[in-house]
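S.K.: The task is simple: from the sequences and hints, build the whole structure.
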Amino acid sequence: MITWDGVSVTYATTRVLGPLSLRVDDGEWVGLIGPNGAGKSTMLKTAIGAVDHEGTVSLSNGKRRPGLDIAWMPQRPQMPDDMTVFDYVVLGRTPHIGYLGSESRGDLDSVETALRKLGMLEFAGRGLVTLSGGEAQRAVLARALAQEAPVLLLDEPTASLDIGHALDVLEVLDELRAAEGLTVVTAVHDLTLAGRFADRLVLLGDGIVRGDGPPEVVLTEDLLRTHYGRGVRVIQDQDGPTVVPTRTND
Amino acid sequence: MKRTALCGLFVVVVAACSGPDSAATTTSTLGGAGFPTTVEADNGSVTIDQRPVAIISLSSTATEMLFAIGAGPQVMAVDDQSNYPTEAPVTDLSGFTPNLEAILSYEPDLVVITFDPGELIAGLETAGVPVLSYTAAFTIDDVYRQMEALGAATGNSEIAQQANETIEADLAEIVENSAGVGDDVTYYHEIDALLYTVTSSTFFGEIYGLFGMDNVADPADEDGSFFGYPQLSEEYVVASDPNIIYLANVLYGESAETVATRPGWDVMTSVKNGDIVELDSDVASRWGPRIVEFAQSIADGLEEYQRG
Amino acid sequence: MSLPTTPPLARPSRPSWLAIGVGVGAVILVGAAGLLLGAAGIDSIQVVRALLDALPLIEVDNTLTEIQLNVLYEIRAPRVVLGGMVGAILAVAGASYQGVFRNPLADPYLLGVAAGAGLGATMAFAVSGDSSVLAPFAFLGGMAAVAVTYTLGRSVGGRTTTSLILAGVAVAAFATAIQTFLLQRNSETLRQVYSWILGQLVTVGWGDVVGLMPYALVASAVMLASRRMLDVLSIGDEEAGALGINVVRLRWVVVIAATLATAAAVSVSGLIGFVGIIVPHTIRILFGASYRVIIPLSLLFGAAFLMAADIAARTLVAPAELPIGVVTAFFGAPFFIMVLRSMRRSG
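Chains as they are written, first to last, in our numbering: chain A, 1 to 250; chain B, 251 to 558; chain C, 559 to 905.
Incorrect hints may have been included.
[To be verified] Here are the simulated SDA-like cross-link-like pairs (lysine to any residue), alpha carbons at most 25 Å apart as the crow flies:
{"hint": "1", "chain 1": "B", "residue 1": "K522", "chain 2": "C", "residue 2": "I625"}
{"hint": "2", "chain 1": "B", "residue 1": "K522", "chain 2": "C", "residue 2": "G599"}
{"hint": "3", "chain 1": "B", "residue 1": "K522", "chain 2": "C", "residue 2": "L622"}
{"hint": "4", "chain 1": "B", "residue 1": "K522", "chain 2": "B", "residue 2": "R512"}
{"hint": "5", "chain 1": "A", "residue 1": "K63", "chain 2": "C", "residue 2": "R807"}
{"hint": "6", "chain 1": "A", "residue 1": "K117", "chain 2": "C", "residue 2": "S571"}
{"hint": "7", "chain 1": "A", "residue 1": "K63", "chain 2": "C", "residue 2": "L808"}
[Said to hold, decoys possible] Pulled from the structure, derived: some chain C residues nowhere near chain B, Cβ distances all over 10 Å:
{"hint": "8", "residue": "R572"}
{"hint": "9", "residue": "I586"}
{"hint": "10", "residue": "V811"}
Keep in mind the hints are simulated off the structure, nothing from the lab. Don't be surprised by glycine CBs; every beta carbon is placed ideally from N, CA and C.
M.R.: Okay, structure coming up:
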């Protein structure tokens with residue numbers, strides 16, 4: 001469980017986030033949606049202490065050890081050109097290995113498992129610079145999974161993935177969530193995809209929660225028009241709500 | 251009547267005695283070269299209109315030369331490094347970073363330098379002050395030449411000539427007194443603790459050469475690419491085991507004791523026998539009349555070496 | 559239960575046995591050459607015999623005189639060892655700085671160690687003219703410069719790498735200006751300081767080796783231990799922090815270790831440039847970019863490189879000496895260009 005309590009972030013004199021209070025229970029999957037600049041990335045960063053904030057973010061175990069209790073995947077990760085995929089994913093085991101230690105058999109197995117789950121095993125020896133956008137993004141995800149943390153905060157995890165890979169990846173996350181009770185918060189642009197996988201959507205607008213509930217409640221034409229500034233069509237069927245862009249209906 | 255005539259005669263005689271051609275001649279008019287005169291310096295031919303009486307020297311060697319040729323009373327100011335002779339009027343003018351305005355504020359009628367960082371000579375010439383530049387001597391003959399030129403420039407040619415003859419005679423006497431002891435004796439002359447040295451092709455090398463001594467540094471600069479001032483490899487200095495070590499860097503803290511404590515130097519015969527000569531740092535770096543003292547130091551070292 | 563099979567590339571990067579072998583081999587070969595060659599005119603074969611004779615249980619005749627043996631053991635040997643130590647330190651410190659600041663141009667000199675040490679040396683010469691206080695002054699000068707750089711960089715520009723390096727450049731410029739001023743006023747020290755600035759291993763003995771040893775060992779141990787962490791730093795401060803690394807503390811630890819060792823080396827051997835940039839980069843191109851590879855190999859190849867440069871410095875114009883800083887620049891730069899071009903061609 002991860003809870004944001006009265007969290008706000010101010011850059012210079014502008015408040016970009018908050019006050020914001022949100023609670024995500026163990027095993028829940030929350031999809032964070034909202035227009036650009038709404039504060040989604042900032043909200044995720046407050047959880048790992050990467051940005052100064054007021055208020056507190058806490059976990060159920062009372063601790064908040066970066067890397068061990070929370071795994072964070074940034075929107076624009078820095079990937080050193082000449083590092084191999086394997087070395088990069090191994091970085092995910094850093095929180096488990098002390099300063100002076102080195103990787104154990106178990107660490108290497110975790111890395112291998114993460115790579116396999118994301119279909120990246122055959123890329124293990126390749127340099128990061130040789131990967132396509134989608135492959136690189138899956139490598140970053142593998143690194144996050146290798147951390148084996150109970151809470152996963154993923155900022156745009158499928159932005160560079162084609163529809164097939166995006167579905168694969170999200171299904172892997174769903175399986176992991178079911179198998180190990182992970183708590184997942186993902187910030188996603190694709191509203192339909194978000195609706196398919198998340199139990200609950202939280203809509204941020206100008207740094208404040210504007211909507212919070214199951215997808216069919218949050219993904220409504222009115223709410224979306226108000227906060228995204230354009231009209232969209234929402235089609236409901238047995239899969240759930242589908243958000244369709246339209247050039248009429250403003 | 252007789253007394254008045256005697257007084258009058260007395261007055262006439264006195265008046266006659268105090269005329270312009272009286273016995274109180276200054277030596278400057280002896281030797282012939284009056285003023286204006288033209289002398290050669292490193293900055294070309296320089297004409298000096300009148301006998302200078304307000305000389306500024308910015309070279310410690312030139313200061314020594316000026317006082318040796320009898321121009322001491324004509325010297326008005328010398329630079330901060332001119333510590334010899336002690337009666338030289340030291341100021342805080344600098345020979346290495348000369349300030350044109352400071353120099354001109356003394357209203358000199360002749361300036362002698364050894365180093366021009368840029369516009370000094372040009373500046374002095376523009377101000378109408380004659381300037382003579384004499385850089386370091388390459389040979390002993392250069393010393394005599396510079397002394398002579400300064401003699402002519404200051405109206406002391408005869409004294410300058412006598413001084414030169416004295417130097418020459420003294421050098422010859424010192425060499426003769428050492429009676430060939432120096433033949434084939436090897437030496438190492440140290441300029442600094444990083445083992446910079448002089449070869450026999452340099453000015454000081456030439457003086458050592460008067461004694462027939464051999465410089466261990468010569469193989470290090472056979473083609474002259476280091477201009478006579480190579481830095482030696484330590485193992486070479488030790489392995490070549492020079493008979494005598496001469497230290498020119500005592501001013502910077504080196505001494506016979508410090509040399510003896512250098513790792514690996516203690517097995518050298520010169521160190522074991524105490525044949526390490528601590529030279530006066532000034533004498534070992536100037537090319538003026540005190541080269542005689544330098545030669546004496548060499549001879550003293552030889553005598554000590556011979557005694558064993 | 560069957561053991562899980564490991565695909566061939568599923569291990570974190572580490573230096574290959576070949577690379578380590580070449581490195582160790584280079585150190586041994588160049589070190590041996592250093593003992594056999596020199597300006598003292600000692601026959602190399604006799605040196606071999608003397609060294610063999612020095613081993614226990616082996617008796618070999620040799621014709622070296624007392625003075626020549628002295629040269630070998632008291633002058634040449636410590637110089638070779640010190641050259642190796644200084645080379646190793648400069649190379650590994652350069653690599654560590656590049657890792658900590660994620661900047662291929664970073665090395666201790668950039669943060670002002672060189673300028674600070676130079677200023678310290680100049681002050682030592684100006685104040686006392688005595689070469690024995692040189693080392694401590696240079697050491698203090700180097701550490702002070704880095705401390706000022708770090709404080710300035712953090713307070714003025716925040717925590718970015720760029721602000722730190724800009725502060726280092728400013729500190730170096732300031733220190734150099736003061737140094738030039740002091741040199742102007744104490745012109746007789748000019749030649750001594752410039753020789754020192756060009757780097758010298760000319761008058762070193764076992765005392766210097768012993769003096770440098772603790773710094774070299776401790777600092778190298780710290781940097782070696784941190785090599786994995788430097789790889790983590792390469793993904794940026796934010797992500798490294800999210801993986802649980804205390805980035806600020808890591809930076810402090812590595813910088814202090816690298817600077818301490820560099821200042822100690824510089825205070826013994828003067829300023830020898832190029833080693834801290836060329837050696838790590840060449841290793842990066844030849845053997846791989848992980849700091850697990852670069853850090854240990856920098857120790858080995860840095861030692862071999864500087865020992866080789868020192869051999870050149872004391873034999874090329876023997877019995878005269880070339881300043882070793884000139885040698886490292888002269889031979890190091892074209893070598894690096896050659897390696898760069900050959901790697902580009904082979905892809």
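S.K.: At 10 Å, judged by beta carbons, does V811 of chain C keep clear of chain B as stated?
M.R.: V811 of chain C clear of chain B: closest Cβ-Cβ about 35 Å, beyond 10 Å.
S.K.: Decide if the proposed pair is consistent with the structure: K63 of chain A and L808 of chain C, CA atoms, cutoff 25 Å inclusive.
M.R.: holds (22 Å)
S.K.: Checking one constraint from the list: CA of K117 of chain A to CA of S571 of chain C, max 25 Å. Satisfied?
M.R.: holds (22 Å)
S.K.: Under the criterion that the straight-line Cα-Cα distance not exceed 25 Å, is the pair K522 of chain B, L622 of chain C satisfied?
M.R.: OK: K522 of chain B and L622 of chain C at ~19 Å, within 25 Å.
S.K.: What's the verdict on K522 of chain B and G599 of chain C, does the C-alpha distance respect the 25 Å limit or exceed it?
M.R.: Holds: K522 of chain B and G599 of chain C sit about 22 Å apart, inside 25 Å.
S.K.: Are all C-beta atoms of chain B more than 10 Å from that of I586 of chain C?
M.R.: It holds; I586 of chain C is separated from chain B by about 21 Å at its closest Cβ, greater than 10 Å.
S.K.: Just to be careful, I want the Cα atoms of K63 of chain A and R807 of chain C compared with a cutoff of 25 Å; is the pair within it?
M.R.: Answer holds: K63 of chain A to R807 of chain C is near 21 Å, not above 25 Å.
S.K.: Assess, step by step, whether the Cα of K522 of chain B is no farther than 25 Å from the Cα of I625 of chain C, and give holds or violated.
M.R.: Given that 25 Å is the threshold and the Cα spacing comes to 12 Å, the pair holds.
S.K.: Check whether the Cα positions of K522 of chain B and R512 of chain B lie no farther apart than 25 Å.
M.R.: Distance ~13 Å between K522 of chain B and R512 of chain B Cα, so the pair holds.
S.K.: Is the nearest CB of chain B more than 10 Å from the CB of R572 of chain C?
M.R.: Holds, since 40 Å exceeds 10 Å.
The structure is consistent with each of the numbered hints, conforming to all of them.
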